[in-house]
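A.B. asks: Sequence:
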Amino acid sequence: HASDNTYELPSPDETRKDEIEDEKMAHEEKENQKYFFPFDLWTKETPIGRPRLLCLSRDVPTHQLKSIISQVHNDFDGSFVQINVHKDFGIDAVSFQNVLDSGQSILACVDIGIGEFSRSSFLHAFAIAKKSLDPTPLCICLIGNNANRKGNGQEIEFGIEDNYLDAMSDKKMKVNLQIVHQITNELQNQHVQNEMKKLGSIDQPQKVQILVMEAVIVLINPHSIFRHPNKVVASISWQASRWLLMKPELLQRQIIELDLFSIPDRNIAVLQDYISHTNWPPQGSMGVNDNIIQLLRDWVTNVADFGALLQEAGGKPESLNSSESDVFDHIITISDMNIKREKPAGNYGWGRGFNKLF
Numbered sequence: 010h011a012s013d014n015t016y017e018l019p020s021p022d023e024t025r026k027d028e029i030e031d032e033k034m035a036h037e038e039k040e041n042q043k044y045f046f047p048f049d050l051w052t053k054e055t056p057i058g059r060p061r062l063l064c065l066s067r068d069v070p071t072h073q074l075k076s077i078i079s080q081v082h083n084d085f086d087g088s089f090v091q092i093n094v095h096k097d098f099g100i101d102a103v104s105f106q107n108v109l110d111s112g113q114s115i116l117a118c119v120d121i122g123i124g125e126f127s128r129s130s131f132l133h134a135f136a137i138a139k140k141s142l143d144p145t146p147l148c149i150c151l152i153g154n155n156a157n158r159k160g161n162g163q164e165i166e167f168g169i170e171d172n173y174l175d176a177m178s179d180k181k182m183k184v185n186l187q188i189v190h191q192i193t194n195e196l197q198n199q200h201v202q203n204e205m206k207k208l209g210s211i212d213q214p215q216k217v218q219i220l221v222m223e224a225v226i227v228l229i230n231p232h233s234i235f236r237h238p239n240k241v242v243a244s245i246s247w248q249a250s251r252w253l254l255m256k257p258e259l260l261q262r263q264i265i266e267l268d269l270f271s272i273p274d275r276n277i278a279v280l281q282d283y284i285s286h287t288n289w290p291p292q293g294s295m296g297v298n299d300n301i302i303q304l305l306r307d308w309v310t311n312v313a314d315f316g317a318l319l320q321e322a323g324g325k326p327e328s329l330n331s332s333e334s335d336v337f338d339h340i341i342t343i344s345d346m347n348i349k350r351e352k353p354a355g356n357y358g359w360g361r362g363f364n365k366l367f
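Heads up: the sequence shown begins at 10 in the numbering used here, then just goes up one per residue.
I should point out that these hints are in silico values taken from the structure, not numbers from a laboratory. Ideal Cβ placement from N, Cα and C applies to all residues, glycine included. Any given hint could be a false lead.
What the hints assert, rightly or not - The following label-pair restraints were derived from C-beta to C-beta distances:
id: 1; residue 1: D175; residue 2: D268; range: 26 to 36 Å
id: 2; residue 1: Q199; residue 2: D110; range: 56 to 66 Å
id: 3; residue 1: I211; residue 2: A136; range: 52 to 62 Å
id: 4; residue 1: T145; residue 2: K256; range: 49 to 59 Å
id: 5; residue 1: N203; residue 2: S88; range: 47 to 57 Å
id: 6; residue 1: S294; residue 2: K256; range: 42 to 52 Å
id: 7; residue 1: K256; residue 2: N154; range: 27 to 37 Å
Between the sequences and the hints, there should be enough to build the whole structure, so can you do that?
C.D. replies: Quick look at the structure:
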């Protein structure tokens, strides 16, 4: 009888299965090393020779924006001409036509706007420019996710560089958005939950703590009506704040789910009253032991500032891919949520965007 240690040679079928698996893995590895969109994919579903107008919104994180520009020039050497003008939302129909006349495609940095006034102006200007171009190019627009964050200063992959921000008509709004989502990201840490519970255990809170938590409750309850902070009974409001702080997972979820573009005007007005209150803490005034109040204070302030600016900018903007603004053949949203995992041929970030499109 054979011993337990006897090694049996694999059958021909098993050997062949192993070979097939090895070949499959080798092929997948080779594919992963490719750039984000091979030339055959670029021309697969569109007529060969049809020019492209690739619009890169300036609200795409600069790290990814530069990667896309570099990749396009590397993969299509001489096929694209980059146009980056600051006026008229980056739309220059004359320059676009000159590029098309030379038989090349266009890579344009544009400002799509954040508020309704700038967004509708951009769409109107682009629609007119597109109709004037001959031949009509395949129009593709890459836009930044509104939930993209600023980064903590050490994360160079996140955020928008100043030179791109300066060319945005709604620069202040984008700054607020990036800060809000940076703070939202920091508020999801486990140690923050502990700080929330610790704050909720306080029987005699400071006026600053009461005021900031009241403002937080105003924000996470957009369908409720609130009064001026001077008309709120502190002892009663702190009971609600304590209950919420002792349920940090709930508070964190409500902060994440807040729709920054749909906060009622009346609540924005109330928040402005809170921020202008004499007990509202100045930026950076809180001590190390009040880290959670400082974070929530900064979150409320930037959300309120964004809401006020959005009102002035005409409110929530029209979607780029709505039926009324059907000027682009393809729209890809670039998110930084998975930026640490992205690869040129991967399923995240700009790599996924191009793979999905082409």
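A.B. asks: Against each hint, give a clear statement of whether it holds in the structure.
C.D. replies: For each hint, the structure was consulted:
At roughly 28 Å, the beta-carbon separation of D175 and D268 lies within the given 26 to 36 Å, and the hint holds. Between Q199 and D110, the C-beta spacing of about 59 Å keeps the proposed range 56 to 66 Å intact. For the pair I211 and A136, the beta carbons lie near 57 Å from each other, so the given range of 52 to 62 Å is met. With their beta carbons about 55 Å apart, T145 and K256 fall inside the hinted range of 49 to 59 Å.
A beta carbon spacing of about 55 Å between N203 and S88 agrees with the range 47 to 57 Å that was offered as a hint. For the pair S294 and K256, the supplied restraint of 42 to 52 Å is violated, since their beta-carbon distance comes to about 27 Å. Remark: the range hint 27 to 37 Å for K256 to N154 is upheld by a beta-carbon distance near 28 Å.
When held up to the earlier numbered hints, the structure conflicts with hint 6 and nothing else.
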